[in-house]
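Got two chains here, separate frames each, mind docking them using the hints?
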Amino acid sequence: GDSVTQTEGQVALSEEDFLTIHCNYSASGYPTLFWYVQYPGEGPQLLFRASRDKEKGSSRGFEATYDKGTTSFHLRKASVQESDSAVYYCALSPSNTGYQNFYFGKGTSLTVIP
Amino acid sequence: EAAVTQSPRNKVTVTGGNVTLSCRQTNSHNYMYWYRQDTGHGLRLIHYSYGAGNLQIGDVPDGYKATRTTQEDFFLLLELASPSQTSLYFCASSPGGCAETLYFGSGTRLTVL
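Top to bottom, those sequences are chains E and H. The first sequence begins at 1 in this note's numbering and counts up one residue at a time. The second sequence begins at 1001 in this note's numbering and counts up one residue at a time.
Treat each hint with caution, since some may be false.
List time: in silico EDC-like cross-link candidates among lysine to aspartate or glutamate, alpha-carbon distance up to 20 Å [to be verified]: (1) E:K56 to E:D67; (2) E:K56 to E:E42; (3) E:K77 to E:E16; (4) E:K77 to E:D2; (5) E:K106 to H:D1038; (6) E:K106 to E:E42; (7) E:K54 to E:D67; (8) E:K106 to H:D1059; (9) E:K106 to E:D84; (10) E:K56 to H:E1100; (11) E:K68 to E:D17; (12) H:K1011 to E:E42.
None of these hints come from the bench; they were simulated from the model.
Next comes chain H alone, as it looks inside the complex (with noise of 0.2 Å):
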């Protein structure tokens, strides 16, 4: 069974903080992703990377930066973190290629005041 952990579940910052998003996968998978999701806008890319040192720009990138340190780990950076940042933050990994099956983590809910 595919195994994508999060942490931390949530998170609470402030405005210019510095906070960042880890994601785990034991799964021997290439792709990792973040998304993020909001109510009315559904799951949007933010970064996602098909290797260790690979980093691939998503459909929402701006504010975030993100790093891939190894196979199994996938990082998210918020460095000046704003409100508009608030949101339910998801990791997924998939083998890679074309129709690949997402297998995603359970998510961090990140709160910036």
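So that you can see chain E by itself, here it is in the shape it has in the complex (with noise of 0.2 Å):
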């Protein structure tokens, strides 16, 4: 069946470190792939998505790149701060069904030290 693996469970970095989150899914065709970022007290909320292979996706700083060869969606920042201190959830949407499904990963927190 779809899924999405995310490697690391918790991540702790300085300020100005270079951030990767690996995402490696499983799912035929070519489902939407998400990063949604969870602060403290609040829901998740989207980062960014993509689509087709290749695309890249960005949002604050963030990025990652659509890579069916690898079946992957890593999560990318050069240099992170201490706002970025939140739980990250790789998703994805499968393409060939006719109803709204979404499969998460099971998040990595990243903590940010000043």
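Structural data, given as structure tokens:
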């Protein structure tokens, strides 16, 4: 079945460090891939999404590129700030269903130390 | 701006208790969802609906009922609450169709003693 795997459960970085959170997916066809961010005390909110192979999504300095060859959608940011501390979820929406469904990874908790 | 409002924000009940979590969206979205969030599991889908009167079973439905009374309102019911249902619950809405964005509420933290 369709699924999303996030490798890192928790990440701790210092300000201005480079961030990578790995996301790999399993799905047929061309699912839409998402990154959501959840700040403390809030619900998740969309960071960005991508629907086609090689498409790059980006927002707030974060970016990820849809790679069908490696079935990946890794999240990267060149220089993290304390305000980026949050939980990040990778998700997919299958392309071959007649209804709306989503599959979420288990989330990655990012702590940025000032 | 999409708006999804959940109530209550916090709820404490006892084992065997009866709990209703409420969700209202003012986006005119067709789809509404109930998720639970637990450490190590991420977000798991309990039930969802694509319109008033409709209910679809999600991935972790056991022990939960849900009802969509109107386009705006979606309720999650725990009729015999158990400690395993202690969790953070999120409601979300989306326009529907493929690849649409989910809009989440701020969550309800439920504790079952």
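### Message
So, against the hints stated earlier in the document, which numbers end up violated here?
### Response
Those not satisfied are hints 2, 4, 11.
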